[in-house]
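Engineer: Now for the letters of each chain:
Number of protein chains: 4
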Amino acid sequence: MKAAQVIRPKKPLEVRTVKTPVPKERQVLVEIESAGVCHSDIHVWEGGYEGSKGEIMKVEERGVKFPLTLGHEIAGTVESMGGGVKNIKKGERVIVYPWIGDGVCPACRVGDEHICDNPRSLGIFRNGGYAEMVLVPDEKYLVKIHDLDANVVSSLACSGLTAYTAVKNANPSPKQNMIIIGAGGLGLMAIQLARALFNPNITVIDIEDQRIRQAKKLGADHGINSISVDAVKQIKDLTNNLGADCILDFVNSPKTVEPALNMLRKRGKLVLVGLFGGSVDLNLPLLPLRSQTIIGSYTGRLADLPDLVDLVKRKAINPVISKTFKLSQAHDALVQLKAGKIIGRAIINPKKK
Amino acid sequence: MKAAQVIRPKKPLEVRTVKTPVPKERQVLVEIESAGVCHSDIHVWEGGYEGSKGEIMKVEERGVKFPLTLGHEIAGTVESMGGGVKNIKKGERVIVYPWIGDGVCPACRVGDEHICDNPRSLGIFRNGGYAEMVLVPDEKYLVKIHDLDANVVSSLACSGLTAYTAVKNANPSPKQNMIIIGAGGLGLMAIQLARALFNPNITVIDIEDQRIRQAKKLGADHGINSISVDAVKQIKDLTNNLGADCILDFVNSPKTVEPALNMLRKRGKLVLVGLFGGSVDLNLPLLPLRSQTIIGSYTGRLADLPDLVDLVKRKAINPVISKTFKLSQAHDALVQLKAGKIIGRAIINPKKK
Amino acid sequence: MKAAQVIRPKKPLEVRTVKTPVPKERQVLVEIESAGVCHSDIHVWEGGYEGSKGEIMKVEERGVKFPLTLGHEIAGTVESMGGGVKNIKKGERVIVYPWIGDGVCPACRVGDEHICDNPRSLGIFRNGGYAEMVLVPDEKYLVKIHDLDANVVSSLACSGLTAYTAVKNANPSPKQNMIIIGAGGLGLMAIQLARALFNPNITVIDIEDQRIRQAKKLGADHGINSISVDAVKQIKDLTNNLGADCILDFVNSPKTVEPALNMLRKRGKLVLVGLFGGSVDLNLPLLPLRSQTIIGSYTGRLADLPDLVDLVKRKAINPVISKTFKLSQAHDALVQLKAGKIIGRAIINPKKK
Amino acid sequence: MKAAQVIRPKKPLEVRTVKTPVPKERQVLVEIESAGVCHSDIHVWEGGYEGSKGEIMKVEERGVKFPLTLGHEIAGTVESMGGGVKNIKKGERVIVYPWIGDGVCPACRVGDEHICDNPRSLGIFRNGGYAEMVLVPDEKYLVKIHDLDANVVSSLACSGLTAYTAVKNANPSPKQNMIIIGAGGLGLMAIQLARALFNPNITVIDIEDQRIRQAKKLGADHGINSISVDAVKQIKDLTNNLGADCILDFVNSPKTVEPALNMLRKRGKLVLVGLFGGSVDLNLPLLPLRSQTIIGSYTGRLADLPDLVDLVKRKAINPVISKTFKLSQAHDALVQLKAGKIIGRAIINPKKK
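Residue numbers (this note's numbering), protein chains in the order written: chain A, 1 to 353; chain B, 1 to 353; chain C, 1 to 353; chain D, 1 to 353.
Heads up, a few of these hints could be off.
Pairs of lysine to aspartate or glutamate residues, derived as EDC-like cross-links and limited to a Cα-Cα distance of at most 20 Å, are as follows [as the list claims (entries may be wrong)]:
#: 1; chain 1: B; residue 1: 236; chain 2: A; residue 2: 117
#: 2; chain 1: D; residue 1: 315; chain 2: B; residue 2: 221
#: 3; chain 1: C; residue 1: 266; chain 2: D; residue 2: 60
#: 4; chain 1: C; residue 1: 11; chain 2: C; residue 2: 46
#: 5; chain 1: B; residue 1: 326; chain 2: B; residue 2: 149
Treat the hints as calculated values from the structure; they're not laboratory data.
All chains, please: the whole structure from these sequences, using the hints.
Structural biologist: Structure, rendered in structure tokens:
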């Protein structure tokens, strides 16, 4: 089968012919219809994240091995399976949960495999979805999607789960003010989920008017372009000078976290999601004096994926697809995402010729 | 009546004769037996907290007015009351909840008056317990102590509640590793509460062997003197290189928070309680990548005070009293506390001649 | 001022001229624009609830005293106030929280005054809203409604809070199946709140097609008329034979609870809200074997009322008003409600001539 | 290998020679040191539970098949394993989590396999621990016990987890009153866990003075023999006429649940654990009027087993062992348990000759 692989960090992805895996026991082979292209794919392809001092935190030190087939937002059709599979059949259409753990750490034992002590995620530690097929290590990681559009649901496995976990970590009540920083794929999904499941007062902050307009169309009550106005002042004005009850930062750079800390209410929660990099100077006594909490939020758990699929089915949320690519264009998709040219989600369709 | 007051920041406290308040409606006048001397009294007396850049965050800008009678850890006997009081009688012995709110903010509405948007706390925004009498604005702020020792229970109102809230914020399961940084009055209380109510594996870190010995006597499993050994390495060794599940920092200075972040487990919680001051450089992508949470924790709610009184009554916890002072020695008590000469709690006994 | 009072149980309400209260301290006098007519007003007027054996649980034994001005769903305008009031002004429009507690019991201490050990609720233990004015014992019980329609918001204080608490007790995830039994004022509000804040799959069960149609218009996915079909079988069919994840019973009679227990999923929650009366035979080993929970749910807390007002303001929910009455028609309103002629809410407008 | 099996319900267990299983993939074969004898073994051996009308709810209708090797409280030594096992070695001593689920239902996805929709538990749906060896379907179900006494820890897998879940469902605060009904193996464990992890005021109710004495030795504050005194009256006296905050009923028969409902406080929780059988007449309006909750509680989750092992290791709890039996005496052990002759736990030691 064909797979678009990172051979070495920062080098163009190569489409190679690799051996098609043969599933055994509870394993399932899925023929891929859609594979989302995620910001974290860029970090893996570049070989690392920028740390607090501008140094690079190398993914190879965290256990990533090249060559690697990227792609952890995968939807497709069951092609074959091992003898221990009982709940799924060939031909059923599925989305794949990619955040696979070791099964024995404390997090895995309560179903939080995405924050396992020894992660084995697809598209990061094992081959993923920029390919014609993917081997899923257990039928339990599959959620049926019936006749839903694979392009639409595929991003639920990462951007959907990440936004869902972030919104649940913020847990706003209806009267509270929630700020969403960054109206990219994650931010737009978070706005829709917050609207569908918590219904707070939502303000989006971004640096591009076009994204802000889309955010308001999808449910934001207010939009602030932080280039043209002083966002901290605007939020203070909007909140009777108290600040926001919760802030979801989908960028998470010094340029966003510093103002976020200044617009956070007493008792407020700051949820950090993005992996842009960098550091801020944290005023220590202010946190207890103001009873504030800072929460690092990372993707989401398997049990939440059926919720997201059901919400799409009932049109309560609608993941934004911006552009589709052939497998041979995988590198191009990454490059366009990095250049900020994608609103919503880029999708690779490996069966498209 | 007599009261030991701060006339101006940093000037010695003066014992003055002031007008005895007359309670009306639901107000209660309490004759004070014991008033605890708390670290935050030092901050108010000094006029401010040190911020992230060494600048002073003045308490007068937060609403404190001088002259002020310090003291928010108050136990005594009901002396008189207004006509609307129904549940308490003259002569009953009580501890006073000092963290009084405005009653109408979102926090007050769920009983979290200690983190009210417009606090009116006794000993900070209103006259407190370094005096012969204190006026309590509503009978609801009183918890009966029957025949318990006022010296022992008085500190429950601040150091007890603060430790209780911090431990509940950490919420460890029995198999988890909890680190307590700082074995002063707060840390020793936290160790006892963690042992009595959660029973995790507890390690205390301090810089004085004497405090560490006392911590172990009160329930810590392990003690680390961070001057003589590398605490981060010790914790890593103790936790199979994973780090601690939760850390309660009762100092909260750069010298404690920096190592704390390095000994925190993936999915771990760092609870910041102390008000020592300063700042740290916070690595932004690490928080989501490691799903960690930083929680600012401040005193505690009224509903938790009866729990603490009951635990003392059943000897499940035992607040450590180190020394008692006369009202005329109030300034001396503050000075000794600041100099680090108090293990456990200093107490002022205004009736002692 | 004029007030429609119950003089003796079951006798027609009388409109009497009573003394206008004078507010002092933190008390507030509110001129009433709208007072909702609630099912529990019928129980108070009749003098009791039917217990498990058909016996009457008399409200006078629970502390109700006649003559009594009914009415606990009150919206109006601030008329005057005591000297201790700081956060509200004459002329401001408000909704009144009626579930007033003693302020000192464990429930009151965490803001759950509605389930106080010694309740003093307006319209039940103190005079309520079937009158030109009502005395509110503390400014904290008022929530500002600005220019919202008093007829629309008044029912939030009881039917709104009751539905909100019930839905939060069920706490469904989006993929779960929630059953609402009874599409009266409470049921219709619960459907809207469940849709706005949790977004599960909602099925309504009632015995009148008209109510079911309205329920579907307001957000129910499915409707079952339990007279014409076997509701248990329908729910089993709908849920792959597993049963419903949560059931909210706004009737709570043997005729609804017996089938509810038969359509409840393993791990399911049955939330009992209605006060119709009667008893069921509860199979004891089934509850642990199926890990099921039965939750008694009663009105709601003060802190949740601003949420509901905000949701109405943003049109996320829309309380259904069926009919308005003059103060002189108060008895007629009760009679029509009892006869099942009201869909949504009947409202008394005391200022209407 | 040898196994003590139920051939047909109610017939004496037979010790038979059966084929020793061969583990593959992630399966592990454990040589059994200790197997606890549990009350629910009696129900399986008898072929059913008594329902609400005295009818029998047959275990065969729930999927149990005979012949069956009973025993779900298993501790022993790893004998061999399949090729996919990575975290455990031959010779390591372990306790086995027996509540195995299908891995794909909503409960399994959050680590609650004990309440799976399609349970496959050892000793109930698959062969269990009354044998020389047991086949464990995945290494993840093993928790290391190092050099702990197998007789002491084996009961943690059922009676320990059941008591732990029940106590957590009650979730008492320190000042609350908790009632434990039934001081058998489960009740005694619950008392110790409540004391070690929540520290409420604990009252035990039983019908034998000897059990009550042991309960008080293990941490109960008060003991009531409900044959000699009126337990409801005693609890009312003890609680200022308010009733108990939470009640754990480890019998769960009409004779215990009826008084339990009468001694439950407003806002109280009644946790039903026992499988004695029968039914009660449930007064429907009382539940919402008193905001009470009835919780069915069944065994416990895998993630909690390491907590219990750790608590035993630190001597914070101490499971009570009353008597050990050889494998050939398995039937005798069941009979003695049924006759009420066992205080604490009976244990089978298959290696004992």
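Engineer: Hints first: check each against the structure and report whether it holds.
Structural biologist: Consistency of the hints with the structure:
Restraint check for residue 236 of chain B and residue 117 of chain A: the C-alpha separation of about 15 Å stays at or below 20 Å, so the hint holds. For the hint pairing residue 315 of chain D with residue 221 of chain B, the CA-to-CA distance comes to about 13 Å; that is within 20 Å, so the pair holds. Distance check on the hinted pair: residue 266 of chain C and residue 60 of chain D sit about 18 Å apart at the alpha-carbon level, within 20 Å; holds. Between residue 11 of chain C and residue 46 of chain C the alpha-carbon distance is near 8 Å, which keeps this suggested pair within the 20 Å criterion.
About 17 Å separates the Cα atoms of residue 326 of chain B and residue 149 of chain B, which keeps this hinted pair within 20 Å; it holds.
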